[in-house]
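Chemist: Fit chains B and C to the supplied structure of chain A, relying on the hints for placement.
From first to last, the protein sequence lines are chains A, B and C. Position 138 of the first sequence, counted from 1, bears residue number 141 in the numbering used here, the numbering being contiguous throughout. Position 220 of the second sequence, counted from 1, bears residue number 244 in the numbering used here, the numbering being contiguous throughout. Position 350 of the third sequence, counted from 1, bears residue number 365 in the numbering used here, the numbering being contiguous throughout.
Hints are not guaranteed to be accurate.
Derived Cβ-Cβ restraints for the label pairs, each shown as a range [stated by the list, open to error]: (1) S467/B to F59/A: 57 to 65 Å; (2) K256/B to T334/C: 58 to 66 Å; (3) V331/C to P74/A: 53 to 61 Å; (4) G254/B to I305/A: 30 to 38 Å; (5) L189/A to N248/B: 43 to 51 Å; (6) K128/B to G175/C: 48 to 56 Å.
Result set (SDA-like, lysine to any residue): computed pairs, CA atoms no more than 25 Å apart in a straight line [said to hold, decoys possible]: (7) K127/B to E402/B; (8) K247/B to T151/C; (9) K437/B to G94/A.
Every beta carbon over 12 Å from chain C, so not counted as near; a handful from chain B, in silico [claimed, not checked]: (10) T113; (11) A170; (12) E221; (13) K259.
To be clear, the hints were calculated from the coordinates, so they are not data collected in a lab. These numbers were taken from a predicted model, which means no experiment stands behind them. Just so it is clear, CB atoms sit at the ideal spot from N, CA and C, and this is done for glycine as well.
Take a look at the letters that make up each chain.
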Amino acid sequence: MDAILLQIMNGLDKGGAYALIALGLTLVFGTLGVVNFAHGALFMLGAFCAVAMNKFLSYETVVVDPTQLTPWGSPLEIRTPYVQALLGDWGKFLIDYSVPVSILLAIPVMLIISLIMERGLIRFFYKRPHADQILVTFGLAIILQEIVKQFFGANPIPQTAPSAVSGSLAITSAISYPYWRIVYFLFSLGVVAAVMAFLRFTTFGMVVRAGTQDRETVGLLGINIQRRFTIVFGLAGVVAGLAGLMYTPIVPPDYHMGMDFLVLSFVVVVVGGMGSLPGAVLAGFLLGILQSFASMNEVKSILPGIDQIIIYLVAVVILLVRPRGLMGRKGIMES
Amino acid sequence: MTKSKIIVSRRTLLKTGLAGVATVAAPTFFIRDAWADDFCNMPKGDTVTFGFNVPQTGAYADEGADELRAYQLAVKHLNGEGDGGMLKTMKPLALKGNGVLGKKVAYVTGDTQTKSDAARASAKRMIEKDGVVMVTGGSSSGVAVAVQSLCHDAGVIFMAGLTHSNDTTGKDKRAYGFRHFFNAYMSGVALGPVLAENYGKDRAAYHLTADYTWGWTQEESIKNATEQLGWKTIKTVRTPLGAGDFSQYITPVVNSGADVLILNHYGKDMINSLTQAVQFGLREKMANGKKFEIVVPLFSELMAQGAGDNIKGILGTANWDWKLTDDATKTFTKSFGAAYGTPPSQAAQTCYVQAILYADACERAGTFNPTEVIKALEGFEFDGLGNGKTLYRAADHQCFKEVLVVKGKANPKDKYDLLEIVKNVPAADVTYDPAIFGGELGSSAAKKCG
Amino acid sequence: MRNTKVRDVILLGCFAVAAVAAPLLAAPFGAGYPDLLVKFAIFGIFAVGFNILFGLTGYLSFGHAVFLGVGSYAAVWSFKLVSVNILPAVIGAILVSGLFALAIGYVSLRRSGIYFSILTLAFAQMCYNLAYSVLTPITNGETGLRVLRDDPRYLDSAVGVLGQSPSLFGLPMTGWTGYYVCAAVLVVAFAFSVAIFRSPFGMTLRAIKTNQNRMGYTGFNSRPYLLTAFVISGMYAGLAGSLMAATDPLAGAERMQWTASGEVVLMTILGGAGTLLGPVLGSGVIKYFENIFSAYNEAQLGTTLSFLPESIHDGVVKTLSLFVGEGWQLTLGLLFMVVVIFLPGGIMEGVMRVFRVKHTPPVKSLGDSAQRDIVGESVIEEMPADYGAHPAPEKALAEAKIGTTAQ
Chain A
4 MDAILLQIMN
14 GLDKGGAYAL
24 IALGLTLVFG
34 TLGVVNFAHG
44 ALFMLGAFCA
54 VAMNKFLSYE
64 TVVVDPTQLT
74 PWGSPLEIRT
84 PYVQALLGDW
94 GKFLIDYSVP
104 VSILLAIPVM
114 LIISLIMERG
124 LIRFFYKRPH
134 ADQILVTFGL
144 AIILQEIVKQ
154 FFGANPIPQT
164 APSAVSGSLA
174 ITSAISYPYW
184 RIVYFLFSLG
194 VVAAVMAFLR
204 FTTFGMVVRA
214 GTQDRETVGL
224 LGINIQRRFT
234 IVFGLAGVVA
244 GLAGLMYTPI
254 VPPDYHMGMD
264 FLVLSFVVVV
274 VGGMGSLPGA
284 VLAGFLLGIL
294 QSFASMNEVK
304 SILPGIDQII
314 IYLVAVVILL
324 VRPRGLMGRK
334 GIMES
Chain B
25 MTKSKIIVSR
35 RTLLKTGLAG
45 VATVAAPTFF
55 IRDAWADDFC
65 NMPKGDTVTF
75 GFNVPQTGAY
85 ADEGADELRA
95 YQLAVKHLNG
105 EGDGGMLKTM
115 KPLALKGNGV
125 LGKKVAYVTG
135 DTQTKSDAAR
145 ASAKRMIEKD
155 GVVMVTGGSS
165 SGVAVAVQSL
175 CHDAGVIFMA
185 GLTHSNDTTG
195 KDKRAYGFRH
205 FFNAYMSGVA
215 LGPVLAENYG
225 KDRAAYHLTA
235 DYTWGWTQEE
245 SIKNATEQLG
255 WKTIKTVRTP
265 LGAGDFSQYI
275 TPVVNSGADV
285 LILNHYGKDM
295 INSLTQAVQF
305 GLREKMANGK
315 KFEIVVPLFS
325 ELMAQGAGDN
335 IKGILGTANW
345 DWKLTDDATK
355 TFTKSFGAAY
365 GTPPSQAAQT
375 CYVQAILYAD
385 ACERAGTFNP
395 TEVIKALEGF
405 EFDGLGNGKT
415 LYRAADHQCF
425 KEVLVVKGKA
435 NPKDKYDLLE
445 IVKNVPAADV
455 TYDPAIFGGE
465 LGSSAAKKCG
Chain C
16 MRNTKVRDVI
26 LLGCFAVAAV
36 AAPLLAAPFG
46 AGYPDLLVKF
56 AIFGIFAVGF
66 NILFGLTGYL
76 SFGHAVFLGV
86 GSYAAVWSFK
96 LVSVNILPAV
106 IGAILVSGLF
116 ALAIGYVSLR
126 RSGIYFSILT
136 LAFAQMCYNL
146 AYSVLTPITN
156 GETGLRVLRD
166 DPRYLDSAVG
176 VLGQSPSLFG
186 LPMTGWTGYY
196 VCAAVLVVAF
206 AFSVAIFRSP
216 FGMTLRAIKT
226 NQNRMGYTGF
236 NSRPYLLTAF
246 VISGMYAGLA
256 GSLMAATDPL
266 AGAERMQWTA
276 SGEVVLMTIL
286 GGAGTLLGPV
296 LGSGVIKYFE
306 NIFSAYNEAQ
316 LGTTLSFLPE
326 SIHDGVVKTL
336 SLFVGEGWQL
346 TLGLLFMVVV
356 IFLPGGIMEG
366 VMRVFRVKHT
376 PPVKSLGDSA
386 QRDIVGESVI
396 EEMPADYGAH
406 PAPEKALAEA
416 KIGTTAQ
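If we strip away everything but chain A, and leave its shape as in the complex, we get (with noise of 0.2 Å):
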């Protein structure tokens, strides 16, 4: 029984890092109709705001003192972390919550990031085929994660979470879970629940979701349609961009992780049915479950390797028996 509670939790937190990702692919496929293969890209950069962010608060001050060697050989480096010099104990607070307070960071540079990505690039392919904009797209991210390697490097760089909620909570004597996959699970929830309340009840969102069904006569009504949707295209550019700072103190960031994530997240976006927002949570955390589930030795046993494929076969599965998805649209890509 505990084994199963446990199997359900992973599937919550894995699911909330699918939800997250695959919430601003489908938005942006519903919006402006672009297959935006970059997405991943911008999971791994806001995973790096959190690197840079740490960096940058415990930045250190060298001295070097020429008169004592290191044991390879370079004059000795006495480095005192400046933030911490400067501020005290409330500098150390800082670089503890480095994770939570690179957000300040990641929402405007993510913003940034993801309108110039729009209006230099994405937006001449609106009109052409998908084939087209996954393939611009798929250069785009090579070159975005290869930009970090060079400042970044390839291994990966360990982000701890604040010492407050790294530890596990303990809730039976047998089952204990991270805090912070906890954290994790909540502010994925939250997030999803803040887009789809801006969607559902502003104006703008509105307007978006109109624009959506039918852009011509939103464009008639005079309203400048596609101001809004590259708003919304930076929108899911800083979702996806937190869902990857928040991830960092579960798998230490590297330059390539957007690319493991993003065969994964279409799979959870053409579950959930492209272009569907409720779709694209209710597959991610299905498809979570669904793969801590296949991963538990039981099942390992019946069927050796099913952990390795769950996910694809998914996939293959709902898109022959229901092609629009779980929740598409009737009659989105349906052929």
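Modeler: Just chains B and C, lined up with the frame of chain A:
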């Protein structure tokens, strides 16, 4: 040297083309004659070219970069530039610091991408185009085995870089392949007693194993070693390569009755699984009345960097560490540090040593002819390259030397000071009978190119 | 129409000559060594085959590397169990990958557009993951399947042939002989693809690409045609895979990873999807980058650029070294984006712009126009006349009818 040769072959080709010879086989015979040599890529002229085949893209790119730095340093030292590095400490030493056999050492580089296909393509380029007499490098066992068999077939010596699987000098060993790095079996033998000392003889282990050949050999080796101590093995679970999130494999560990978790992962997988296992509070748990422990049989400085604080206090093994106190290590660390400003990693050391050992063997053999060089390397005993007395065993081309048992340091002084040495396990303890892994070296006869 | 045929023959002739003279042509670029030329030929075959699917029908398969991998495995198994002769290996590989293509295509072609892409991708990832882990007894997992000394090779041992490296009736598959065998196969494969492009079958595929719905309204069942194209292109991939195993007897699972599938898409697009020559060029460019650009290091760059004045030398070397060696993927990504944005017709469109081939409509999207390769340009106008003059249309019509009734 090779240039005039190629021009001849071009001309022959042109002639055959002009003559309108449509048959496929005809031009080849001309070329085969043109390539004829005493052995493949016999160096003519006043340089000899080495091929450095390291991962430059992908997950091991940083490790590859470090390997390449070490190779460049080795080339400098071989050519008599720089401070000479471990050439000053190596015994016996035939090299004179004027290149190898009077020829200056040149090198070409390539990207293995940590993929067998790409690594082989890159090695082939070095052999066919750049005329290298030796290929070296690599950061994974799959690549090492693949490139080793290619080099064997081509008749070019392969000095393996970082490869830890038993297979490299076990069932997939080749006469043309040599490994300085230690292997999974030695890890198990070296680590076992230390585990018993620290954690007792009555333990129950749970293995998480990367689901590919290296993971399996390591799992087997560690399992055998720990079971001999009296440990029980509760379960061995295979995890997909690059799983990212290992939570679904970690949670069942708690209630399994195990009190030790052994992570047979390397690189990114190890960083992730260790980080997550620590987050799940495994190290604060009590199981069977004992403190729960995590063991990572193989790790490196780069992995320790990636795992951050989570590596503290974790036991594992390493091939070499720059904090060893012998003269050779100190000299090399200084020399590397002076050139690049950081201490060398174990990958850098193994690669540096491999390049030096090959060059030295040529010098001793008095020729670049691989058959003779292989003979010179086989059974070669040396000292002063950082691991104490070392033997290149003739039966399987595996080096036998001290193995380090290391622990993640609790209070590192700086970002390079991540591991502390717990024990130097003498070479005699980790030496095994080559027959246990089977395999055959095959012929070491020199081959012609093509 | 005679015009087209003559031009095709000329094209084929030039292609064959280029293939024979490749060692000379490639030498100035540092690519004139057997292994890279073999890679050009093999990936040329792979891309030509992919182009039959993507270029003609517009169906973007993101899992085509599976067939390459399956072909390699089949070929290595043939070397292990049957004979070191590459003939049974190649035939076996084509058949096995054809079967795989039939199965995957049958299921995947039930959907179109991006859904088709995701389906093929899902199948490919499943094959890759399984081959890497649980199927290790068949695939030898990470290390890759290799030919070993003690393999049985039943046919060889029956006729008393010794040796373990693949050959074509004693002709070794290494070095230049290997290249010429592959080049010969490439020329044949290319000729076959030209024939498909010109055939009524090829026309049908283009028609499906142009407007599949309208084809459907006229009672035309397009799926058998699509499936045929899919299987043919899968067999091309299997052929390429078997040659890969023949010239280098090792089959690894990475060959099937989705990035490998992405690579063949890039090759085709880079050269120009839907053109005859484009895919071959594209595969050449990408393999060149992977093998030659990645091998450039800073030291070499420094010597090459030593003619620059001292003041800017170091700066230029530093900047350029970001794009070669370990940065080769960055260059590839940039090149690729430039092509997709500015030259959707790929390198072939660039060539035609430069030579101002008449009636070249601007290409608006990747592979959108079926009528823009140098020799095939007039095909669209001429084909109907040709169509009526041959008995082929009746057959095609009959096929179409069968298709309809089957539905």
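Chemist: Now look at each hint and say whether the structure bears it out.
Modeler: Here is what the structure says about each hint:
1. S467/B to F59/A: 57 to 65 Å: 59 Å, holds
2. K256/B to T334/C: 58 to 66 Å: 59 Å, holds
3. V331/C to P74/A: 53 to 61 Å: 36 Å, violated
4. G254/B to I305/A: 30 to 38 Å: Taking Cβ atoms as reference, G254/B and I305/A lie about 32 Å apart, which means the hint holds.
5. L189/A to N248/B: 43 to 51 Å: 45 Å, holds
6. K128/B to G175/C: 48 to 56 Å: Because 49 Å falls inside the window, the suggested range holds.
7. K127/B to E402/B: 23 Å, holds
8. K247/B to T151/C: 21 Å, holds
9. K437/B to G94/A: 21 Å, holds
10. T113: Nearest chain C Cβ is 27 Å from T113/B, so the label holds.
11. A170: 6 Å, violated
12. E221: For E221/B, whose nearest Cβ neighbour in chain C is about 34 Å away, the distance exceeds 12 Å, so it holds.
13. K259: 17 Å, holds
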